[in-house]
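Protein chains in written order, with my numbering: chain D, 1 to 380; chain C, 1 to 315.
Don't take each hint at face value.
One-sided excerpt, in silico: chain C residues whose CB lies under 8 Å from chain D [unchecked claim]:
hint, residue
1, L60
2, K82
3, C83
4, R91
5, S93
6, D97
7, R109
8, F178
9, Y198
10, M199
The hints are simulated quantities; they were obtained by calculation from the structure and are not laboratory data. Fair warning: this is a prediction, and the values are worked out from it, not measured in the lab. The beta-carbon is built from N, C-alpha and C at its ideal position, and this holds for glycine as well.
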Amino acid sequence: MSRHGGFSLSRWWSIVGKEFLQLRRDRVTFAMIVGLPIIQMALFGYAINTAPKHLDTAIISSDNTTITRSFIWAMRNSEYFKFVGELPNEAAGREALAQGKVLFVVSIPAGFTRQLLRGERPALLIEADATDSTATATAISALNGITQSVIQKELTGPLAPLAGAPAPFEVKVHQLYNPENITQYNVVPGLMGVILALTMVMMTSLAITRERERGTMENLLAMPATPLEVMTGKILPYIGIGLIQATIILLGARFVFDVPLFGDIGAVYLVVLLFVAANLTVGITLSSLAQNQLQAVQLTIFYFLPNLLLSGFMFPFQGMPAWAQVLGNLLPLTYFNRLIRGIMLKGNGWIESWPSVWPLIVFTLVVMLIAVKTYRRTLD
Amino acid sequence: MTTAANADFAIDVQGLHKHFGQKHVVNNVSLQVRRGEIFGFLGPNGSGKTTTIRMMCGLLKPDSGSGTCLGYDILRQSAAIKCSVGYMTQRFSFWDDLTIAENLDFVARIYGIPNRRETVRQTIADLGLTGRARQLAGELSGGWKQRMALAACMLHNPKLLLLDEPTAGVDPKARRDFWDELQGLAASGISVLVSTHYMDEASRCHKLAYIAYGKLLAQGTAAEVIAQQNLSSWAIYGDRLIELQNILRNQPGVDQTVIFGDGLHVSGLDAAALERSVQAVIADKALRAAKIDTGLEDVFIYMMSGTADNFRGET
Ligand SMILES: Nc1ncnc2c1ncn2[C@@H]1O[C@H](COP(=O)(O)OP(=O)(O)OP(=O)(O)O)[C@@H](O)[C@H]1O
Ligand SMILES: [Mg+2]
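Start from the sequences and build out the full structure, keeping to the hints where you can.
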């Protein structure tokens, strides 16, 4: 009996082989696998600038006076910055930036006001996470105006002489991770997730509905292959395709757009595999819902659009309204974007990556459960 | 594991029911097919033949009913059934974008056939397709697709064949060869359930079942099925049979009139009334009438019209 019911490696392998043969004959699909990443990279290599507001900012304050409070108030008033908390020291600030909890950390050094009044031109330090340079650039350029307004407001009366040029204090901006504000740094790694999400979901949902639509599923179901063998055998080739696409983009990133890779290349591929798994489970679930290939494509697009728009790829995540962020936080691409940008541009390791890794794992497990539950073992 | 209780029967199902939405597609069907028997499954389009066959090999779950296939429970042991049954679908269901050789090789791998390459090569040679083994299956003509599918579903030497209109679109010579082969297989102990619309094929079956609108109307040998209906038949030969048919249709005792190539067949339940009507009609014309044995086709057409009131609206 176990011969019939259990998982048979040779049967599974024959399904994998068949899928490869069919894929090899399907020129259009093949062109899409290779062409999509290349065309998208060319198109999105030059992204549109946007000016998001209310970006999460943390503060490390070692000097709490009227002047520093006025500066913070002016930053908040500009609407570009939103203060979300106070951190004890620089290390905590760096950590918050690396994990993507905040985009800016404002450090006010001890004795800032005293030095200012003595005319020593102290410096305020603002560290910015510039990976998503479209998000931070406008806010940073607004800092000049903010500084001026504080000077005019606070340095009046007896302090007025300090207000002359040069400015009595300095605002030093450290752009971390992407100091030159190159949008490609952000867009190109993000593109990897977009392309993987689209092709993985579309290909798997099509691969399974195609069998149903052409009537070959009836044949397959009448043979001794188990649903698990069929399902996993059919999707294995697409894992390979995902890795090929990721490699194309990594090569493009490296050699065409000069995007640095600070993190571990192994970590990049591990994260890619995890993301591919998440999307394959989505693809299988969609294939159970779709009656035919057209519906499979429509469902794929239905899934893909929010991923594209709300994951922080198109628009900076921090700049989206709260409800959109909530939705975005349910999408695997959001986490993948954070992971891949973090690893490539910040050199993040496992500790910094974990907050985005576990949601992906949970997502995959939950959707896999749905996929297994909805998988049709019969023609009903 | 085999169950001794049903050792005689390759198929033994009772009270199968299946609904699609509101439609009662299979209604209380019970079938018994002995080992080594060729069992013909007949019925008009949409009568539920394919649906019944699918339930037997675990492709559809019956709403109710039970039974065994080769001793395995059709509800719980479909995995085991699939290993020893060869099912040929009505619609061509092999992969158009694989070659003939690749299709057969895939099937052979899935069933774990020993000596795979040789078996596949031999099967292709038997089909007479050796020169075209590398042709895509989708490029075959309809009849050749059918023949390839048939060969594929017999590749693993199944003990039971479920064939859903296997010879639809196949030329007469190939059809005869196929039936000769089926009879050879049956003689060696393999059981066959075959659905068909061809009367010559029906008459080559050991047993027949006739289904209409999901209900099994008759079951048994061809002679039994004919006898069950109690029809007497006359054949009328001559000219202008269509006019004659219109006249006869409304005469007492006439339940059915059909024009065949050789003449007008008139059948009815009431033999005496039928004879009187036939004799009266031909009396003053240059026509010849003879009492004939009721044929299978007469019976099937009679059964089909008799159940027309069960018709629930086809889609
Ligand atoms: N998947 C399905 N969903 C809904 N209705 C179905 C489905 N499959 C079959 N039917 C309906 O069930 C009825 C029986 O269909 P089935 O295919 O079993 O007939 P059949 O006897 O094989 O006919 P044919 O001789 O034309 O092959 C038909 O009315 C058909 O419309
Ligand atoms: Mg049918």
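Here is how each hint holds up against the structure:
no.: 1; hint: L60; result: holds, 6 Å
no.: 2; hint: K82; result: holds, 5 Å
no.: 3; hint: C83; result: holds, 5 Å
no.: 4; hint: R91; result: holds, 5 Å
no.: 5; hint: S93; result: holds, 4 Å
no.: 6; hint: D97; result: holds, 5 Å
no.: 7; hint: R109; result: holds, 3 Å
no.: 8; hint: F178; result: violated, 19 Å
no.: 9; hint: Y198; result: violated, 23 Å
no.: 10; hint: M199; result: violated, 27 Å
The structure does not agree with the numbered hints 8, 9, 10 stated previously, though it agrees with the rest.
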